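Number of protein chains: 6
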Amino acid sequence: MTEKISLIAGTANRPLAEEISTYLDVPLTPVEIKHFNDGETYAHIQKSVRGSIVFVIQPTSPPVNSHLMELLLIIDALKRASAKEITAVVPYYGYSRQDRKAQPREPISARLVANMIEKAGADRLVTFDLHADQIQGFFDIPVDNLEAHPILAEHILDLGIRDAIVVAPDVGGAKRARRLAQLLNTNLAIIDKRRPAHGKTEVLNIVGEVKGKNCILADDIIDTAGTISGAAKALKHKGAKDVYVCATHALFSGNAVEKLSIPEIKKVIITNSIFLEPQKRFSQLTVISLASILAESINTIFEGKAMGLVFDRLYHKVEEKRHP
Amino acid sequence: MTEKISLIAGTANRPLAEEISTYLDVPLTPVEIKHFNDGETYAHIQKSVRGSIVFVIQPTSPPVNSHLMELLLIIDALKRASAKEITAVVPYYGYSRQDRKAQPREPISARLVANMIEKAGADRLVTFDLHADQIQGFFDIPVDNLEAHPILAEHILDLGIRDAIVVAPDVGGAKRARRLAQLLNTNLAIIDKRRPAHGKTEVLNIVGEVKGKNCILADDIIDTAGTISGAAKALKHKGAKDVYVCATHALFSGNAVEKLSIPEIKKVIITNSIFLEPQKRFSQLTVISLASILAESINTIFEGKAMGLVFDRLYHKVEEKRHP
Amino acid sequence: MTEKISLIAGTANRPLAEEISTYLDVPLTPVEIKHFNDGETYAHIQKSVRGSIVFVIQPTSPPVNSHLMELLLIIDALKRASAKEITAVVPYYGYSRQDRKAQPREPISARLVANMIEKAGADRLVTFDLHADQIQGFFDIPVDNLEAHPILAEHILDLGIRDAIVVAPDVGGAKRARRLAQLLNTNLAIIDKRRPAHGKTEVLNIVGEVKGKNCILADDIIDTAGTISGAAKALKHKGAKDVYVCATHALFSGNAVEKLSIPEIKKVIITNSIFLEPQKRFSQLTVISLASILAESINTIFEGKAMGLVFDRLYHKVEEKRHP
Amino acid sequence: MTEKISLIAGTANRPLAEEISTYLDVPLTPVEIKHFNDGETYAHIQKSVRGSIVFVIQPTSPPVNSHLMELLLIIDALKRASAKEITAVVPYYGYSRQDRKAQPREPISARLVANMIEKAGADRLVTFDLHADQIQGFFDIPVDNLEAHPILAEHILDLGIRDAIVVAPDVGGAKRARRLAQLLNTNLAIIDKRRPAHGKTEVLNIVGEVKGKNCILADDIIDTAGTISGAAKALKHKGAKDVYVCATHALFSGNAVEKLSIPEIKKVIITNSIFLEPQKRFSQLTVISLASILAESINTIFEGKAMGLVFDRLYHKVEEKRHP
Amino acid sequence: MTEKISLIAGTANRPLAEEISTYLDVPLTPVEIKHFNDGETYAHIQKSVRGSIVFVIQPTSPPVNSHLMELLLIIDALKRASAKEITAVVPYYGYSRQDRKAQPREPISARLVANMIEKAGADRLVTFDLHADQIQGFFDIPVDNLEAHPILAEHILDLGIRDAIVVAPDVGGAKRARRLAQLLNTNLAIIDKRRPAHGKTEVLNIVGEVKGKNCILADDIIDTAGTISGAAKALKHKGAKDVYVCATHALFSGNAVEKLSIPEIKKVIITNSIFLEPQKRFSQLTVISLASILAESINTIFEGKAMGLVFDRLYHKVEEKRHP
Amino acid sequence: MTEKISLIAGTANRPLAEEISTYLDVPLTPVEIKHFNDGETYAHIQKSVRGSIVFVIQPTSPPVNSHLMELLLIIDALKRASAKEITAVVPYYGYSRQDRKAQPREPISARLVANMIEKAGADRLVTFDLHADQIQGFFDIPVDNLEAHPILAEHILDLGIRDAIVVAPDVGGAKRARRLAQLLNTNLAIIDKRRPAHGKTEVLNIVGEVKGKNCILADDIIDTAGTISGAAKALKHKGAKDVYVCATHALFSGNAVEKLSIPEIKKVIITNSIFLEPQKRFSQLTVISLASILAESINTIFEGKAMGLVFDRLYHKVEEKRHP
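Chains as they are written, first to last, in our numbering: chain A, 1 to 324; chain B, 1 to 324; chain C, 1 to 324; chain D, 1 to 324; chain E, 1 to 324; chain F, 1 to 324.
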């Protein structure tokens with residue numbers, strides 16, 4: 001019995017799954033996913049996976065509860081169908097911002113989700129840029145928390161921006177922004193939202209010098225784009241030259257598209273960790289595909305090689321672009 | 001420290017929770033439940049539950065994935081807030097019909113849900129008329145699977161129907177229907193859907209004699225009402241007098257209301273295990289409240305008494321109506 | 001290191017295990033099983049199973065507690081001896097009828113047994129015709145619940161019975177009987193045991209038309225044969241022609257043999273899921289061996305192929321016999 | 001809600017349970033235990049135990065597999081019936097001698113049993129003189145491993161034996177025998193069974209001086225009595241005066257009674273941890289009841305007091321008898 | 001049976017435990033803790049805790065491995081001695097900085113520790129200022145992650161510092177520092193350590209304006225004090241007036257005391273979450289006791305009240321000091 | 001993908017790990033282990049182990065808490081780095097003497113350690129001469145409890161000692177000593193430490209005849225050597241000729257070396273299960289390496305062969321030496 005690989009796509013991001021399938025030259029195992037009239041999700045794997053090493057590709061993007069349930073049902077079906085090893089490939093991990101009790105009597109939803117994925121039967125998680133690195137520790141199974149920074153940095157370097165500075169849109173994102181700043185070899189500024197006194201309006205206090213600089217506003221997730229859009233305006237107000245926006249996960253909820261399509265923002269660079277409907281695309285937007293990194297990571301896991309090899313190559317490319 | 005009781009309502013059926021609260025004279029503990037712009041559910045208990053015996057009232061009715069997630073988040077929040085004991089009161093248990101692998105490579109969704117509820121931190125489940133009794137065995141925690149039959153029977157007996165026969169709309173529901181037949185002291189018929197040959201139309205074969213009888217079509221769940229509506233027509237076709245429909249859980253998906261509002265059906269009797277929107281109510285419909293049984297069951301659990309006492313009273317009432 | 005297969009037989013049905021061993025051309029790994037003077041069971045695997053894919057063949061037939069304990073001890077020994085994967089092959093799953101709380105304060109014994117098998121260290125269960133399909137959901141490990149219907153149907157079709165109808169001996173078995181009826185392409189009748197009034201004798205009410213028909217009474221388990229024997233008489237009384245009895249699991253407890261050896265029953269067709277002592281065999285009895293299906297299933301699991309292949313062939317054979 | 005206590009007796013030793021019930025003035029909660037025709041055990045608690053602190057009294061004595069299953073089924077029923085806390089009171093713990101892998105590919109049956117008891121839902125174990133103290137460590141739940149030595153010592157001191165020496169019947173029992181020797185303040189001898197050369201007969205080598213001494217042969221379990229009976233003869237042969245036999249658990253398997261009723265043995269002192277059928281009693285036998293210690297231990301647990309208090313009193317009594 | 005409280009102190013911070021004991025007027029339950037000659041830790045609870053609500057006070061401060069093992073052994077002993085509920089009160093949580101995989105093939109030590117505490121048998125954790133809030137999510141049991149900020153803020157406000165600014169010593173601590181800045185109602189600056197080019201010396205880049213300001217360098221843990229000491233010098237260099245240092249957990253490893261006793265630092269304010277040996281105290285140091293908050297929190301848990309009450313009072317005091 | 005083997009050495013006994021590595025011709029996977037200034041242990045595997053069969057060599061010898069934590073951190077890192085199977089090779093198992101509750105309210109530390117090793121992610125334990133065989137049952141994973149007796153016996157036979165007798169230094173070690181006596185084909189004596197009356201000095205009572213015999217004092221662990229040294233003197237006092245000391249695990253705590261370097265002891269024979277610092281070696285001491293047995297055992301596990309083969313060879317060699 002030789003090892004077999006199976007790729008399974010949920011409905012959350014089939015185009016990404018298909019890109020991965022093409023890259024790996026491994027067909028997607030057919031799976032029937034439907035919603036009954038009463039809204040119950042149903043998942044049925046159509047081909048034998050007995051003894052297979054299976055990768056289930058499903059970001060838990062909106063509608064998050066349905067996409068999560070779908071993921072769990074697929075895992076349950078695979079487990080009961082005697083799959084040998086099940087890796088949940090979840091490029092965007094929903095509920096990741098509910099990662100601690102910010103006030104008493106809140107759930108820690110990201111841990112609840114981790115428990116559900118483990119309990120359903122996953123043997124490993126592959127994901128991208130978790131909102132907090134510590135979420136890896138919500139799991140007892142191995143987590144490969146891949147990093148989109150190198151491919152984002154590569155793209156930004158290609159733009160040839162001079163006098164650049166990376167700006168964190170809030171204090172909580174300072175560490176993440178510094179990571180990108182390191183790859184781009186730029187300085188860092190941080191926006192600190194503060195309310196000068198009770199009842200007064202919140203002000204965006206920019207910690208660091210941005211005047212005359214090309215600002216790269218870097219975040220992990222763009223949700224309603226309120227923070228980013230406000231930050232871009234504040235930067236311009238403080239004398240920044242161009243403002244670029246860069247993030248791994250593009251939720252684009254509410255009227256995010258409108259908020260991002262403003263003159264203060266020159267470009268918005270995101271990845272396809274979440275499937276983006278055509279109507280949410282706009283002229284300033286660039287979408288970079290994670291398919292090749294994911295495909296190589298899947299192959300690395302299947303062949304039992306070091307994940308570092310995949311990333312060393314990426315870092316090397318960034319390094320080269322930085323010092324051509 | 002004396003024992004404290006807390007009642008918490010999710011959003012799935014607040015009117016039922018409020019009825020229970022009134023019956024028990026215990027206020028609902030305030031809980032903030034909202035959906036963020038990206039669809040993530042958020043649950044925040046507003047008052048201390050430290051050391052409390054808590055009952056969370058939330059059927060996992062449509063939209064089932066969201067209602068389930070809400071239930072789990074509330075349980076997680078309660079557990080982390082040091083509640084002493086958490087009982088999930090789930091009058092309708094979603095995914096209960098996915099209770100076995102009907103074909104290879106299907107999930108057993110009802111077990112997955114059971115695992116999720118247990119893992120989230122529930123100490124007990126209270127539910128009504130599980131689609132299969134065996135679902136109790138999907139749990140390691142105690143399950144109180146209450147029975148709506150006695151209050152349904154009580155109502156039917158009040159209607160004073162003569163020459164009645166209980167009819168199961170399909171073979172899988174025969175056992176359940178017989179239970180009601182026993183309470184009403186009537187005979188039983190069963191409808192057996194069959195396809196005479198490959199490619200031919202399905203026929204409804206009625207096993208048992210219904211001619212001239214008042215038929216009580218009894219099921220546990222009415223979903224799209226296709227089966228029930230077809231059955232009612234078939235019974236009429238075979239010479240039945242009046243056809244009554246009776247079920248515990250009214251999902252009323254798709255155009256169920258239309259299918260039930262037909263002349264062949266005289267009355268439809270259901271419970272409020274699932275919240276029914278006003279626009280889904282119609283003239284033949286009677287909704288019987290489970291609030292008093294649930295309230296008494298909750299009280300019984302809180303006080304550590306025998307659940308049998310609640311039901312003995314109900315059976316006694318049925319008995320009395322049967323032989324006044 | 002190439003994968004190794006090991007077959008281990010408990011004492012419950014060695015002839016079946018030997019048939020399987022012959023079919024697969026894999027010798028049974030010797031195991032010493034004995035009972036000490038005080039009744040404790042002792043199991044000792046005699047050959048190394050380190051790194052092996054092991055199949056333990058042991059129905060939990062009477063004496064069920066001892067056969068179950070033996071199974072668990074063998075699994076524990078295998079686990080501690082570093083077997084790579086352990087599949088419990090339990091053609092008859094004892095305690096399967098205690099699958100729910102029929103009244104308050106009963107155990108759910110079938111779930112308890114499931115927990116014991118999982119906790120002892122089994123990685124998979126292979127079984128036949130579980131009393132309730134939902135018992136699959138009592139396990140978190142994969143369960144292959146094989147179906148004896150096709151080989152039973154094949155045999156019945158060979159008998160060339162005309163004007164046949166399948167009869168369920170009670171309402172609870174209606175669904176199972178319908179499954180056989182579908183394979184044989186016959187109609188269905190159901191026997192509904194009822195007590196007309198408190199204190200009165202129970203009557204067997206036959207739902208459906210059996211007059212002049214050759215009845216195939218179909219059940220999953222024949223225990224004391226009281227129900228079956230009564231049903232056969234009732235059918236004859238209602239004008240049935242010949243009565244055949246067909247079941248997967250033959251416990252034949254008490255004086256079952258006597259009750260089945262009556263003129264009202266023409267033939268009894270069972271499988272060897274349970275070892276039948278020679279003194280329990282009688283002239284009308286036909287025992288069909290499950291060895292080939294089990295052997296093919298074991299091979300399918302070992303080779304990581306689809307179980308469907310085994311069954312597609314069986315269904316095809318039935319189809320062919322039906323329309324020769 | 002005040003705490004309630006419930007006592008439940010399995011069938012293994014009802015007289016002991018009744019003695020405890022009388023001592024505590026707490027009635028036994030009625031429980032129906034029966035064996036179906038096919039040998040399946042059935043347990044049904046007859047009165048509500050919701051919220052109760054329950055003690056289940058059931059040694060896992062022969063037939064050990066059935067008594068163990070009965071215990072597990074009772075625990076499962078109690079758990080599902082919402083008992084608040086379940087203590088398994090197992091005066092004799094079957095399978096305790098299978099406590100390690102003595103050779104490769106053996107099970108560790110005593111751990112398997114521990115896992116089963118825990119998994120079924122027990123919150124605590126109360127037992128007597130485990131064959132190995134380490135079995136406490138097979139559990140994650142609290143184990144109260146009570147000691148019969150003080151009440152045995154008390155009885156032996158009452159006999160007023162002079163020039164006494166405690167003798168261990170084999171090397172494995174040396175530590176246990178020394179414990180009794182300490183309580184009685186006597187010396188210790190040990191019997192070392194050895195085979196002088198391959199193929200030669202085993203000889204009983206007595207390590208220590210027994211000539212002219214009254215020997216108290218002390219063991220934890222008497223099974224077939226082969227070892228004890230041989231030891232008594234060997235001691236006599238070496239010039240011992242009277243030989244007394246003393247043990248906690250009397251299995252008396254095979255022809256143990258015959259082997260113990262020999263002139264070389266003056267008295268046999270045991271406890272009622274295992275129910276002894278009347279036909280197994282003989283003139284030299286004295287049975288000491290554990291009911292009072294068990295009753296006091298149960299009360300101590302229920303009231304949350306220190307178990308040490310129960311035993312301090314016992315040790316004090318022994319001390320007083322030793323130095324009157 | 002009324003609820004009993006027990007306080008148990010490990011050896012890591014007995015003075016703190018004694019303060020708590022005095023505050024609550026509950027004596028410490030005596031416990032023998034020793035190290036055998038070979039270094040094994042031994043813990044023996046000296047008084048019955050059967051049925052008690054127990055609080056074990058033990059920060060896992062250096063020597064962390066021994067203090068952690070001691071904590072686990074105490075919890076194991078309590079669990080096996082039938083304590084009713086065990087709360088681990090761990091004011092300083094060792095290994096909290098190893099909270100994620102910063103590079104491949106690292107452990108997540110803080111999760112490993114969480115697993116160990118849960119598995120040993122703790123029912124709840126009470127701790128202070130976890131290095132990452134997400135560590136709460138490493139546990140399935142409730143975690144009360146208390147906050148030292150209000151009592152630190154209260155003390156700082158008492159110092160009457162004008163023109164204050166809170167400074168985070170590195171980007172990772174920005175969020176934590178902002179929390180203190182909010183309580184004190186000051187601005188925020190952040191120190192960003194950067195290496196201008198490969199091989200060049202690291203520079204401390206101060207993001208924000210500190211000239212002429214009184215700087216409060218705020219961190220959660222002071223370990224070797226290298227970062228803090230360098231930051232103080234850099235702030236002075238940039239024209240800061242006085243520099244204050246403030247942290248919850250004072251490890252003071254290596255020559256931390258020396259590094260903090262420099263003229264650039266005016267005052268160092270810490271808590272007694274970790275026991276500080278007398279020789280590590282120096283003139284600029286102020287140690288604020290957590291005993292009263294811990295005592296009130298323990299009481300709150302024991303009495304099942306809301307933890308918020310304890311903290312509302314503290315916030316109110318800070319508010320009052322801010323606007324007297 | 002073919003199976004890969006990885007050997008990892010903690011810091012507890014690197015020389016032994018290197019010997020094994022040489023024997024197997026498999027290099028040690030580099031791992032960085034360090035202690036931060038505050039005493040926290042850090043472990044970082046330096047090369048990919050994805051998909052590898054890993055053996056971690058680390059006795060939990062003094063400092064036991066640190067060596068244990070190191071082992072657990074390595075296992076956690078391996079698990080999260082997707083190692084396929086992790087075997088903890090722990091030649092000396094620390095805390096093994098705390099294997100039961102000897103008095104109330106003690107922990108069972110050896111079980112706590114077992115839980116920690118399992119929970120961290122080990123799939124198997126390989127160890128030597130556990131203090132109690134029952135510790136195997138503290139694990140649910142397979143335990144290979146290897147035996148040093150045959151290589152010790154081989155060495156002793158080489159010494160050509162005549163008139164030998166094996167002596168157990170206390171009653172608890174009688175069984176272990178008898179095992180060696182069987183291999184050497186000698187008689188057995190046992191030393192029974194007793195206190196003749198309360199307050200009197202303890203006396204060493206020798207059970208068995210040692211006069212004129214060459215005594216081999218056999219134990220599993222030599223800790224402070226107090227017992228052994230006292231026993232040697234007592235034996236000499238009773239007329240023994242030469243006294244040899246033999247043990248598997250040499251902790252040599254306190255002034256053990258001094259106590260063993262006395263004229264009453266002719267030779268001390270131990271293994272290298274624990275790394276012995278050069279200053280603890282003395283003229284009478286012989287250290288026998290376990291490297292070859294461990295290497296062969298590791299190979300046997302990796303290749304899925306029977307462990308018995310390794311030991312059969314060893315027993316055969318002993319046999320041959322005994323009857324040359």
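Don't read these hints as lab results, they were simulated from the structure.
These figures come from a predicted structure and were not determined experimentally.
Please note that a few of the clues may not be correct.
Intra- or inter-copy, both count: the list cannot distinguish identical chains.
As the list claims (entries may be wrong) - In silico DSSO-like pairs for lysine-lysine, Cα to Cα no more than 27 Å straight-line:
{"#": "1", "residue 1": "Lys84", "residue 2": "Lys266"}
{"#": "2", "residue 1": "Lys47", "residue 2": "Lys317"}
{"#": "3", "residue 1": "Lys34", "residue 2": "Lys238"}
{"#": "4", "residue 1": "Lys175", "residue 2": "Lys233"}
{"#": "5", "residue 1": "Lys4", "residue 2": "Lys84"}
{"#": "6", "residue 1": "Lys193", "residue 2": "Lys34"}
{"#": "7", "residue 1": "Lys119", "residue 2": "Lys175"}
{"#": "8", "residue 1": "Lys34", "residue 2": "Lys236"}
{"#": "9", "residue 1": "Lys34", "residue 2": "Lys175"}
Each hint, compared with the structure:
{"no.": "1", "hint": "Lys84 x Lys266", "in the structure": "neither (48 Å within a copy, 48 Å between copies)"}
{"no.": "2", "hint": "Lys47 x Lys317", "in the structure": "between (39 Å within a copy, 22 Å between copies)"}
{"no.": "3", "hint": "Lys34 x Lys238", "in the structure": "neither (51 Å within a copy, 36 Å between copies)"}
{"no.": "4", "hint": "Lys175 x Lys233", "in the structure": "both (22 Å within a copy, 23 Å between copies)"}
{"no.": "5", "hint": "Lys4 x Lys84", "in the structure": "both (9 Å within a copy, 16 Å between copies)"}
{"no.": "6", "hint": "Lys193 x Lys34", "in the structure": "between (44 Å within a copy, 24 Å between copies)"}
{"no.": "7", "hint": "Lys119 x Lys175", "in the structure": "neither (32 Å within a copy, 32 Å between copies)"}
{"no.": "8", "hint": "Lys34 x Lys236", "in the structure": "neither (47 Å within a copy, 34 Å between copies)"}
{"no.": "9", "hint": "Lys34 x Lys175", "in the structure": "between (41 Å within a copy, 26 Å between copies)"}
Violated hints, listed in ascending order, are 1, 3, 7, 8; each of the other numbered hints is respected by the structure.
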